[in-house]
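Q: Letter by letter, the chains look like this.
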Amino acid sequence: MKLKSMTIYITILLVSFLIAACSDEDSGTGNESEQATNTETQTETETSIVVEDARHEATEPAASPALAINRGDTVVVGLQEPGGVFTPYFNTSGYDGNVQAVMFPPLVEINEAGEAVPGLAKSWDISEDGLTYTYNLQDDLLFDDGTPLTAADVAFTLTLLHDPSYGGGTDITEAKIVGGLDYKNGDADTISGINVINEKTIEVTTEVVNARSLRLIGGQVLKKDYYGKDYQKGQLDYLNALHQKPVGAGPFRFVEYLPGQEIRFEANEYYYDGKPEVAQFIYKTTEGDSLQFFQTGELDYSALSANQDNFEFLQTLGFADINVYTSSAYGYMTFNHEKEVFKDPKVRQAFVLGLDRQTIISTHYQGYAEVANIPVSPTSWAYTDEIGSTKYDPEKAKQLLEEAGWVEGADGIREKDGKKLTVYYFTSAGGLGDTLIPIAKENYKAIGIDLQVEQMDFNALLSRVGNGDHDLASFSTTMLTDPYNGIENFHSKSASSIIKGFGNEEIDALIEATIATNDLEERTNAFHNLYKALDENPPVILMDYKKVLSGTNARVDGFEPNGYRGIASSLKDLKIVDVNK
Amino acid sequence: MRNYVLKRLLYLIPTLIGASMLIFFLYSLVPGNFVDSDPNLTTERKAELYALYGFDQPDIERYFIWIGNLLQGDLGYSLQFQRPVTEVLGNYIWSSFFVALASLILTWLIAVIIGVVSATKQYSFFDSFITIIVFAAMATPSFFLGLILIKFLAVDLGWFPAGGMITTGSNLTGWDYVKDVAEHMILPVLVLTMLGIGGLTRYFRTNMLEVIKQDFVRTARAKGLKERVVIYKHALRNALLPAITLFAFELPALFSGAIITEQIFNWPGIGAIYMQAFTVRDYPLLMGFTMFIALLTVISNLLADLLYGVADPRVRLK
Amino acid sequence: MENPPITIASKSKAEKRKKSSLWGQVLQRFLKKKIALVGLGFLLFIFLFSLIGPFFSPYATEGVNPTQINLPPSSEHWLGTDKLGRDVLTRLMFAGRISLTVGVGAMVLSVTFGALLGILAGYYKGIIDQIVMRIADILMTLPSLPLLFIMAAVMSEWKVPTEQRLYIVMLMLSLVGWPGLARLVRSQVLSLRERQFIQATDALGLRDHRKLLNHLLPNIVPLLIVSGTLSIGGAILSESVLSYFGLGVVPPTASWGNMINAANSLIDFQKRPWLWIPPGIAIFLTVISINLLGDGLRDAIDPNMKRR
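Chains as they are written, first to last, in the numbering used here: chain A, 1 to 581; chain B, 1 to 318; chain C, 1 to 308.
Do not rely on the hints blindly, as some may be mistaken.
To be verified - Chain B is faced by these chain A residues, among others (derived, beta-carbon under 10 Å):
no., residue
1, G260
2, Q261
3, T286
4, F293
Keep in mind that the hints were calculated from the coordinates and are not lab data. The beta-carbon is built from N, C-alpha and C at its ideal position, and this holds for glycine as well.
Given the sequences, and given the hints that come with them, work out the whole structure.
A: Encoded structure:
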């Protein structure tokens with residue numbers, strides 16, 4: 001029940017679709033003139049043309065393939081092969097998170113603006129000192145086996161996450177629940193900060209104010225009688241037997257997992273918000289290009305990497321309802337702050353200014369992404385276009401490098417103390433890299449930097465960056481449910497293996513200030529102060545805010561994907577419509 | 001003969017030990033591991049997980065633990081699937097097997113027919129034509145062939161499903177199920193057959209050409225036997241016999257899965273799973289699978305040698 | 001040489017020239033193979049196309065031009081442009097250099113490893129044979145694609161400048177390629193050892209290295225030429241597969257393998273055939289030509305087959 005885990009689930013949803021479609025990401029894009037119908041000039045950067053978030057209804061719903069129509073009230077969505085661990089908090093594969101999201105709604109949901117909204121909890125109160133959280137559950141909550149879901153189940157879930165032998169990826173201790181560590185590391189039998197008031201109310205006391213605790217604690221709920229039947233402190237192995245027999249409280253109930261093929265769900269008649277109209281929901285395992293499955297009607301919904309090509313592709317199909325929205329993630333290129341070169345903020349600024357991000361982004365995405373100016377997406381309440389910049393200024397970059405003591409050598413490459421300014425850039429194959437590499441090489445050469453490129457698979461990339469082999473490396477954040485997730489790694493005490501050795505006390509203090517209150521306005525100000533400081537002392541080269549493009553077969557209504565939750569929160573509203581009307 | 005088999009079996013042991021060492025230490029050289037693939041883990045959590053999975057032990061120690069378990073038939077526990085490796089392999093290996101088997105049968109049938117015909121009509125138009133076709137199939141990258149077939153036959157023409165093993169959401173049983181799976185199998189089997197057919201056809205052709213020029217075939221002809229009888233009864237049989245050993249070499253391929261083809265056609269086979277396991281560095285699964293294939297390879301080599309002795313008694317086994 | 005008269009003719013000619021007699025015969029037999037000559041001719045064309053072609057091109061290979069994106073073939077860009085506005089024809093030529101270099105380089109490396117170890121194993125037998133052949137056996141038990149994945153990941157640790165990444169690809173392919181060759185060479189050497197002329201060198205008391213270099217090696221050369229030629233085609237195909245998985249040559253360096261990857265996108269496949277058809281045809285025809293050439297060489301060189 002932690003924001004981070006939530007972020008992961010949600011992120012995964014988007015990422016999976018991106019990955020599922022990433023093979024087309026390197027496909028070219030259309031002419032700019034072709035996009036005139038759905039573009040608008042953005043005021044901030046006069047050269048960029050960015051597509052607006054919009055919905056486009058299918059022009060010819062009746063063109064929907066017979067394969068899809070004949071499926072009736074079964075809706076199919078593509079997903080990469082999951083690991084098969086369908087118990088929340090215990091999965092290692094991100095795609096398991098998508099499967100779980102169908103069956104396990106959290107207490108506190110998040111809407112398209114990144115704000116907390118009711119989920120299994122009807123409402124909540126935060127005490128004046130910001131330390132105590134009281135969650136009030138929805139009326140008549142039932143698990144999908146028909147048994148009641150109560151505050152005791154929530155308490156059990158929170159306790160389980162504090163178990164000393166818990167091996168999953170969720171770190172609940174970050175919420176600092178009173179007595180949590182005594183349970184985890186000591187011999188306490190219960191957690192004193194968790195207090196079940198009655199069947200429908202639970203109160204949780206924490207030790208420090210943390211704006212993220214509300215959703216950290218208000219996560220998914222595990223059924224106590226089921227997942228906790230054989231629970232003894234320090235013994236969680238019995239759960240392995242239940243990983244493929246999940247019992248949740250979501251709109252759909254788990255039916256069957258066919259490895260390598262599909263995961264099947266059926267409508268849950270006990271769902272608190274009413275049984276969904278769609279009788280069956282299926283995640284179909286797809287690898288690589290999912291366009292063809294959408295075209296042939298095998299998939300009812302497909303999120304594609306956003307570019308003009310894919311947009312036109314969906315448009316020509318005729319039967320696709322198209323949705324363009326902005327992701328809550330941002331892309332960046334990290335510096336290796338442990339390298340002597342990057343100790344000087346001027347050098348880092350030069351690397352930012354000396355890279356023609358605008359050309360790279362508009363060439364690659366053709367309007368379906370914009371250059372990032374601060375480490376948070378425009379979808380967030382913390383976003384502002386008044387801080388940071390997206391400028392390309394090679395002259396300024398040269399000047400900054402001179403000031404930092406890097407002077408041009410005989411071969412045009414800068415030198416300092418006899419060392420050449422050669423930097424190694426690591427990236428994974430495909431995607432933006434294909435466009436970025438040739439342009440970046442030229443850009444940097446022009447200001448006297450020799451850029452060497454190495455491509456590797458993502459795991460090797462993480463491992464080598466973790467070892468500090470890189471100078472520069474490309475990454476994208478996960479979906480950012482809270483703007484804090486976009487900057488927490490810049491803290492000098494952050495454990496992130498991607499951004500190591502950055503930060504100082506001043507920045508740390510600014511980062512901590514962003515979660516030290518539950519007041520949105522105060523938090524916004526805190527974030528803006530931080531963004532200003534980061535602009536002077538860039539921890540990374542900010543790259544892009546991407547759009548997400550999704551197509552829905554016109555026979556299905558109700559998919560409302562957003563940049564934070566993907567499709568998970570709209571599954572309950574799915575409907576089959578007659579395409580011939 | 002028995003001594004020979006025993007000797008060969010003994011020889012397997014050092015080879016397998018060598019293979020196990022190579023597999024283990026090669027994989028341990030690969031950068032990245034399962035825990036590292038989550039960049040959000042805190043240092044403490046990472047250390048906890050390292051200890052949990054035993055990544056903090058020295059390589060040598062882990063090798064002996066692994067090999068010890070291997071000897072007891074325990075391939076380990078898949079990190080990604082959170083289940084025993086044997087169970088994961090069991091889940092996926094059969095779908096790979098059926099595709100491989102179907103394409104194996106098809107490949108041999110076609111190769112024998114083409115080989116015989118083009119050998120009996122050496123340098124004819126048919127022979128040259130087939131030679132070109134066979135060379136063409138051998139000159140196309142496998143992924144390219146798969147992509148072209150999907151895009152023309154499945155997406156544009158809609159003749160076959162574009163991928164997967166069953167129609168999504170279908171609850172077919174019995175015959176209907178078999179038919180459904182067979183329909184989805186057509187394209188992957190076609191690709192594998194096209195890729196495999198080249199070498200084998202050439203092999204049969206050469207073999208047939210050799211056999212036809214031998215004395216016993218001439219004798220048969222001299223006896224006044226019909227050409228058909230000469231070719232199919234005398235020549236083909238003798239050309240096929242040595243080829244039987246080749247069959248043994250195909251054994252590992254039946255289970256190893258076709259990584260590229262399965263990935264392109266979304267086939268739920270072991271090859272596709274291998275790729276996925278590699279991206280998340282699920283070493284127990286990767287090592288278990290590779291070791292399994294190494295074992296099959298070694299056994300099939302032995303089998304091929306023994307069959308060779310049976311097929312051609314002139315080869316004396318020492 | 002199907003009909004006796006020619007054989008006799010070539011023999012009589014061969015007798016006139018003494019030392020080059022064997023190779024003279026080979027050449028004559030080879031020249032009779034029309035289809036192999038076509039292969040050779042096309043290969044020469046591809047070599048020239050890749051080597052000299054770029055000098056006639058007005059476009060630079062890495063020149064990114066955002067205003068000229070994804071143009072179909074025209075009189076300015078004969079094969080159109082790609083998503084970065086680069087001229088496809090020019091890239092195809094540069095890619096040819098890379099792909100052919102990888103193919104030939106991988107062949108040279110695996111033939112060198114394979115022949116050297118095979119000869120040593122076959123000639124000295126005993127412990128050396130055991131060691132070499134065990135290693136070859138062990139390497140051959142591992143499926144080749146996974147082995148390539150592992151090597152690609154391991155070798156990504158070595159800091160290799162971008163432009164030299166293709167040598168890594170060569171090395172990887174040759175490490176997978178040598179065991180089969182070593183086995184082939186070894187069995188050839190084993191059978192040669194029993195022949196009279198090698199027995200004679202024993203009687204003459206020649207030194208090992210002379211025996212190996214002057215007497216054994218020349219007799220293996222035909223085998224090496226044939227399997228070497230054929231392995232170039234295999235290496236070019238393998239490079240394209242590695243590129244498919246993003247483990248080949250690093251962009252912006254072009255190879256036919258990473259160019260053909262455009263076919264991986266449904267949209268490029270349907271809308272922009274000029275991106276993937278040219279490299280597809282280039283790989284296809286080059287590999288066919290190599291195989292035809294190798295086949296012709298085999299028929300021309302291998303006297304055993306002729307005798308039957």
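Q: Taking the hints in turn, state whether each one holds.
A: Consistency of the hints with the structure:
Taken as an interface hint, A/G260 checks out: its beta carbon lies about 2 Å from the nearest beta carbon of chain B, inside 10 Å. A least Cβ separation of about 5 Å between A/Q261 and chain B falls short of the 10 Å threshold, and the interface hint therefore holds. A least Cβ separation of about 6 Å between A/T286 and chain B falls short of the 10 Å threshold, and the interface hint therefore holds. At a threshold of 10 Å, the smallest CB-CB gap from A/F293 to chain B is about 6 Å, leaving the interface hint in force.
In summary, the structure agrees with every hint in the numbered list given earlier.
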